[in-house]
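Knowing the structure of chain A, use the given hints to seat chain B on it.
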Amino acid sequence: MALFLRVFLAVIVLSSAACGGGNESKEAAPAPAAVAANPVDPATAGGLKGSIKLEGSPPATQTINRRSDPYCEQQGEAKTENFVVSDGGLQNVFVYVKDGLGDMKFPVPTTPVVLDQKGCTYAPRVFGIQAGQPLEILNSDDTLHNIHALPMNNREFNRGQAVKGLRQTHVFTTAEVMVPFKCDVHRWMNAWVGVLDHPFYAVSGQGGAFDIQKLPPGTYTIEAWHEKLGTQTQMVTVGPKETKEISFTFKL
Amino acid sequence: MLLHVYAALVAVSTAILIFAGGLVTSTGSGLSVPDWPTTYGWFMFTFPLDKMVGGIRFEHTHRLIASTVGFLILVLAVWLHLAEPRRWVRRLGYVALGAVITQGILGGITVLWYLPDPISIAHASLAQLVFCLTISIALTTSPGWKNAYSRRGPVPDDRILQAVATATTVLVYMQILVGATMRHTDAGLAIPDFPLAFGHLLPPTWDPKIAIHFAHRVGAVIVTLFALATTGHVFFHHRTRPELWRPSTLLLLLIALQITLGALTVLSQKHYIINSLHVVTGASVLATSLVLTLRSRRARFGSRVSGSREGTYATEQDPAYGYGPARGRA
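Chains as they are written, first to last, in the numbering used here: chain A, 3 to 254; chain B, 134 to 463.
Pulled out of the complex, with its shape left as it was, chain A reads as follows (with noise of 0.2 Å):
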């Protein structure tokens, strides 16, 4: 008998261990990444302007149900957003150097770049940030969501956010591209980051239109990546001062 008290008692410590509250306290914010000089000379920068472009028709979007949380669905109709189109050009294109920058150092911004889920959404869907640059995650939502990566070279992590307007704060060490997320609470939630260890990259916007500024000359290798339709890359050659136009085209 006493054996099975102790075994009674155990469990009831265990399940106790924790008892209490749904504020989680925030990470600690990462120590400030050490600052680099910038090796970018800006009399001689130029950089890549363009746009992505889509041949063939998308899918046509859907209305994602949303019932499984009633203050999702109280937010309005949400739409899949796999392929977003305006003006003929692919919005949501990651498009960065992928190679060419050689041993050069990029200074780290401190500025965190924010990552909100609002209205059950990930806003933004796509986006880029530099390895060592903090990542703030904010619950702007009046329900919970859980934040989880599944990155291959960096550390998978899975976060709750159980209030509005919690913020916490991760950091990616790696140069990785693409980090996936997901809201496990909510299926249809998916944003994705590309990390760096430059700043040289950008998101197609309206028209698929993006632009990546302050390149130093030289040739690089440029890819651009879409969540359904994969990856494309061109080589292309910047002169001192030059702008250069450059096109991606996804077929469906």
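Just so you know, not all the hints are guaranteed correct.
Stated by the list, open to error - Not everything, but these chain B residues come out facing chain A in the computed CB check (under 10 Å):
(1) Tyr139
(2) Ser162
(3) Asp183
(4) Gly187
(5) Ile189
(6) Arg190
(7) Glu192
(8) Thr194
(9) Ser283
(10) Arg284
(11) Pro287
(12) Pro289
(13) Phe347
It should be emphasised that the hints constitute simulated quantities derived from the structure, not laboratory data.
All values derive from a computational prediction rather than experimental measurement.
A virtual CB, placed ideally from N, CA and C, is assigned to each residue, including glycine.
Relative to chain A, chain B alone:
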């Protein structure tokens, strides 16, 4: 009798728990509650109902049912400890308690470690063993078992039936392990058509997911053949023994249902209800096969059992099978 009813209740609640666990994986909700043993920082039983939204409904409900089943098994183990005269049945209770505690810890670890396949598969596989233990306790505390099913004469000691029934039970469990591996490696739709595989009898292309999926289909055929052999033997040789033909009939019905659910799981693109029913029906096939196996071996467990832990018990008790006096008692 009350102990048997309670043990049966525990077995049913364990089946419900397996269904709830199936819902968690089928809806991809396993990580919707990132912390454990708390739920978003709340003590599990004080988590507000209005916050049970989205995937949390499945995961948190699974945790609540699991805690309840754990408590029920704890009570069952204590009850057996206090009242059960047979040492080996009391030990079943201890093992069930240890297994369900281990199961809870595995469930917690798999959440905290982001569902690693080996841990998740172990969690799914141990769930079936917990279910088998509760079924075994319910069976061995039943009046029929205690009376050695003697209303229709001495219980048969058919070695062939024992062998084939045991093989069937082992194969069903192995098939469940393959199914759990398929489930947790996301190979459930690796072969998208049924009954063919990419339009062929054998898949024209192979990768690990296709292989594990195809192994599950082959396993279903093997299990069915063994179940047919077992039930055929029962119907041919023991048709007057209801304790044998009843679970045999149920086994055939459940296997037919299980194959149908397996096909529908593929054809419905893994609809979460169908998928979860497939999981719990698999557990029911295992339980039924186990009951049939144990009953076929009843003659080897000695003759009738009576009495209680506190009192004296019948002279038919066979010490060789663990019916000896309780510790410290004459």
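Here is how each hint holds up against the structure:
1. Tyr139: Violated - the Cβ of Tyr139(B) stays beyond 10 Å from chain A, reaching only about 17 Å at its closest.
2. Ser162: This hint holds: Ser162(B) lies near chain A, its Cβ roughly 6 Å from the closest one there, short of 10 Å.
3. Asp183: holds, 9 Å
4. Gly187: Holds, because the Cβ-Cβ distance from Gly187(B) to chain A comes to roughly 4 Å (cut-off 10 Å).
5. Ile189: Holds - the Cβ of Ile189(B) comes within 10 Å of chain A, reaching about 6 Å at its closest.
6. Arg190: Result: holds, 7 Å to nearest chain A Cβ.
7. Glu192: Holds, because the Cβ-Cβ distance from Glu192(B) to chain A comes to roughly 8 Å (cut-off 10 Å).
8. Thr194: Because about 13 Å separates Thr194(B) from the closest Cβ in chain A, which is outside the 10 Å limit, the hint is violated.
9. Ser283: violated, 34 Å
10. Arg284: violated, 37 Å
11. Pro287: Because about 38 Å separates Pro287(B) from the closest Cβ in chain A, which is outside the 10 Å limit, the hint is violated.
12. Pro289: violated, 38 Å
13. Phe347: violated, 27 Å
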